[in-house]
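S.K.: Dock chain B against the given chain A, drawing on the hints supplied.
Number of protein chains: 2
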Amino acid sequence: MYYPEIKILDCTIRDGGLMNNWQFPKEMVKDLFQGLVEAGVDYAELGYRVDKKMFSPKDHGPWRFCDEEDLREVAYKCDTKVSVMCDVGRTDYDTIIPASESVISMMRVACYVKEVDKGIHLMNHVKSLGYETTLNLMAVSTNLEPELDEALAQIAETDVDVVYLVDSFGYFYSEQIHYLADKYKSKLPGKEIGVHCHDNQLLAFANTIEAIIKNIHYVDGSIFGMGRGAGNCTTELLLSFLKNPKYRLRPVLSLIDKYFIEMKAKLQWGYEIPYMITGSLNKHPRPGIAFVKQRREGSKQSFQEYYDTLTDIDAVD
Amino acid sequence: MYYPEIKILDCTIRDGGLMNNWQFPKEMVKDLFQGLVEAGVDYAELGYRVDKKMFSPKDHGPWRFCDEEDLREVAYKCDTKVSVMCDVGRTDYDTIIPASESVISMMRVACYVKEVDKGIHLMNHVKSLGYETTLNLMAVSTNLEPELDEALAQIAETDVDVVYLVDSFGYFYSEQIHYLADKYKSKLPGKEIGVHCHDNQLLAFANTIEAIIKNIHYVDGSIFGMGRGAGNCTTELLLSFLKNPKYRLRPVLSLIDKYFIEMKAKLQWGYEIPYMITGSLNKHPRPGIAFVKQRREGSKQSFQEYYDTLTDIDAVD
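Taken in sequence, the protein lines are chains A and B.
So in the working numbering, spot 158 of the first sequence is number 158, and the numbers just go up one at a time.
So in the working numbering, spot 281 of the second sequence is number 281, and the numbers just go up one at a time.
Treat the hints with care, since some could be wrong.
The list makes no distinction among identical chains, and a pair is therefore deemed to hold if it is satisfied within one copy or across any two copies.
What the hints assert, rightly or not - Simulated crosslink set (EDC-like; lysine to aspartate or glutamate; CA at most 16 Å straight-line):
#1 K243 - E175
#2 K214 - E175
#3 K300 - D257
#4 K266 - E147
#5 K214 - E305
#6 K300 - E262
#7 K191 - E101
#8 K26 - E5
#9 K127 - E157
If you are wondering where the hints come from, they were derived from the structure by calculation, not from laboratory data.
Just chain A, same shape as in the assembly (with noise of 0.2 Å):
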């Protein structure tokens, strides 16, 4: 039996955009966007929305800005909602328009926990202009337990649409999903709860899932799990898994022999040690994305040095 509530959003360009500095053609994005409608796909995040002061047009591809009128060259309105994601801190507020005059319906706000103020003040902007609105709360595998509790309390009392349970690190077992979910699901009263995976572990996917046991609504995954490091969930094993007739496999198969195959051997995301060993340690990955870099570029590191690196406990963490 399905539960019409669950919600796949697709952040392929979006979290893919982190191994290729966001330049997807524009053919590319268009097509991924027209196999995500096909494929009944709810959310397309189609990128940032980062504040060119800050970082420059020269310098990265147009999924880094997400214009409104790049996003109309790709999608359109349609059952497929497009979604971009904020920072905290990066955003320019004057170039968010009125959702009614925008082709994006949801704006998602990433911050971490400390920031929690700042990202409610966003959320609040974004939502007072249309928009449907998220919370993704980054890496709280690594807060205490009171720091997460109050800024769950915090917004608790604001009128955001859905708060993510995230795993930046790729730590969590699935004890760990399901003792947080059920802390946002009680700490969140009437809230849609998300979660967004990391595959350090090759728990991204069943992780998810135990998300899904717990009632948590809205799964991100991307497509041949493109992503950052280890990368995320695969939207094509959520479009398996998922029993909501309106799902179809197919034509993210074609997507994926048309583009991804080619990409993941050239920028090859994905299970590697370097990354494994940061999620079992509770890590950001940045340590293990540039050993992987100097190791093809010819160092001769070891797996061991690596790891009696990062398990040096006088080392500076």
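M.R.: Below, chain B alone, put in the same frame as chain A:
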């Protein structure tokens, strides 16, 4: 808190051998065994024991046969016990010497549910020779419930030490693992239960954890997931997850560095769309393996065409 009852069985050479026809050099298997000893792994499965009248040593590597003298060149009696697998219908009973004279400690017997009588017969034989024994019931995702129940009832009457829940096709979600783990536990009182998962849907490690939560104590992994098609639960993730102080990840990292990065680049097991599709459809990976091979040889068949073939209700299954 850790449970000393939990045992890791590394089946890299046995299951990974399906990818290279068991052509692992002896020096490598020796290194691997020593690494598993240092990692605290409980069992190292070094291959199959198949009948040389059925398979010629000219056509297959030594770990297809696991002659006593070959095993003794790479392994020795210690806390990491040597395991070898026998398939029903492919085993020459006369080649099995008494356990007291062998470096092998455990013989695992693999069979389908419909062959359970043959499996029990072979298991009784190796048990009578003094080995630890298992029965690995393959592909139980394809059996009707009464068939499985009958097989388990027969097995309950035997002296087998461990009965394995095997997800041969990588089809199960946590829900099915929970259900079957409960069934095996209740139908096989006093027996240890093991689990062997495949990674077609990126759930091998997750499902192994779920099995552990359900008090299954014998868990299979292979280094870097090496195994047919999508591969297996990885040994490194098990070593990182389990809390027994004797388990050490570090020696396995060194093995991965030295051997498995290069082997995976060449042999290419792991998550791929054709295996994900057979897994999600509860089918043997055979058509996926054939498709992947044909694509590498230049075939232009698309994922969609492959999917359509496998889901065509009129096609011979």
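S.K.: Provide an ascending list of the numbers of those earlier hints which the structure does not satisfy.
M.R.: 4, 5, 7, 8
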